[in-house]
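Chemist: Starting from the given sequences, assemble the full structure and let the hints guide the process.
Those sequence lines, one after another, are chains A and W. Quick note: the first sequence uses this note's numbering, first residue 100, plus one each step. Quick note: the second sequence uses this note's numbering, first residue 4, plus one each step.
Think of the hints as simulated: they come from the structure by calculation, not from any bench. Incorrect hints may have been included.
[As the list claims (entries may be wrong)] Just some of the chain A residues that point at chain W, by a computed CB distance under 8 Å:
1) Ser104
2) Thr131
3) Leu145
4) Leu173
5) Pro197
6) Tyr202
7) Glu203
8) Gln204
9) Tyr205
10) Phe206
11) Gly207
12) Gly209
As the structure is a prediction and not an experimental result, all values here were calculated from the model. Ideal placement from N, C-alpha and C gives every residue a C-beta, glycine not left out.
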Amino acid sequence: GAVVSQHPSWVICKSGTSVKIECRSLDFQATTMFWYRQFPKQSLMLMATSNEGSKATYEQGVEKDKFLINHASLTLSTLTVTSAHPEDSSFYICSASPGLATYEQYFGPGTRLTVT
Amino acid sequence: EDQVTQSPEALRLQEGESSSLNCSYTVSGLRGLFWYRQDPGKGPEFLFTLYSAGEEKEKERLKATLTKKESFLHITAPKPEDSATYLCAVQGMGDYKLSFGAGTTVTVRA
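Modeler: If you want it as structure tokens, here you go:
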């Protein structure tokens, strides 16, 4: 149980284009989903928190116009990297939490984004 | 601000050589302390949640313990497949965000 998927697992795009990453909770409903970024040899850095049907809350220093987050249903959240640049290349990981009854976050397998 | 410090950064073990990983934390009101395992190029895999000092949880060769200031992850008689980065994270009472430590990379040699 508590399986989270991400699609795509890796993507290469050209500078200036936009890329959408999907995060789905497969066997539970996720009241809250989180988006993280991880650079090589570093730990996870939270980018934003999203609740179904409401606007995402972004961490300090994260550009909300560059990283668009949509949490349209209790099983799906999307992260769109707009006008991507090489410095946006990273490992993006989402997590999902079942809700108020349990506080665990279950993570997806991650998406490797490379911007050329 | 919540802070999590993990030590050591790296740990090289011989198969069967038991050891412990440390996670020291400061948080204004602990909701939970979480341990995850992360393999290279993968997302973190949930291992344990600990909620109060004195609590212990076990899973196969792993045992996690919690005090008011730190948590330990004990690896008993490790096998090569236990090689991974182990991440510790805390969640405060204020919200549901996780604050992660930098991780301990464990390498177990056969």
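Chemist: Given Phe206 (chain A) as an interface hint, is the shortest Cβ-Cβ distance to chain W below 8 Å?
Modeler: Status holds, d = 4 Å.
Chemist: Go through the hint on Pro197 (chain A) and say holds or violated, using the shortest Cβ distance to chain W against 8 Å.
Modeler: Cβ of Pro197 (chain A) sits 11 Å from chain W, so the hint is violated.
Chemist: Please check whether Glu203 (chain A) passes as an interface residue: C-beta within 8 Å of a C-beta belonging to chain W.
Modeler: 6 Å, holds
Chemist: Hint validation: Gly209 (chain A) versus chain W, beta carbon distance must be below 8 Å. Holds or violated?
Modeler: 5 Å, holds
Chemist: Given Tyr202 (chain A) as an interface hint, is its Cβ closer than 8 Å to any Cβ of chain W?
Modeler: Cβ of Tyr202 (chain A) sits 5 Å from chain W, so the hint holds.
Chemist: Once the shortest beta carbon distance from Thr131 (chain A) to chain W is found, is it less than 8 Å?
Modeler: Holds, because the Cβ-Cβ distance from Thr131 (chain A) to chain W comes to roughly 6 Å (cut-off 8 Å).
Chemist: Can Leu173 (chain A) be said to touch chain W, with a Cβ gap under 8 Å?
Modeler: Status violated, d = 15 Å.
Chemist: Tell me if the interface restraint on Ser104 (chain A) is satisfied: Cβ within less than 8 Å of some Cβ in chain W.
Modeler: Nearest chain W Cβ about 10 Å off; hint violated.
Chemist: Is the interface hint for Tyr205 (chain A) satisfied, with its Cβ closer than 8 Å to some Cβ of chain W?
Modeler: Interface hint status for Tyr205 (chain A): holds (6 Å vs cutoff 8 Å).
Chemist: Please check whether Leu145 (chain A) passes as an interface residue: C-beta within 8 Å of a C-beta belonging to chain W.
Modeler: 6 Å, holds
Chemist: Return the status of the interface hint for Gln204 (chain A): holds when the least beta-carbon distance to chain W is below 8 Å, violated otherwise.
Modeler: 6 Å, holds
Chemist: Does the nearest C-beta of chain W fall within a distance shorter than 8 Å of the C-beta of Gly207 (chain A)?
Modeler: With a minimum Cβ separation of about 5 Å from chain W (threshold 8 Å), the hint on Gly207 (chain A) holds.
The structure does not agree with the numbered hints 1, 4, 5 stated previously, though it agrees with the rest.
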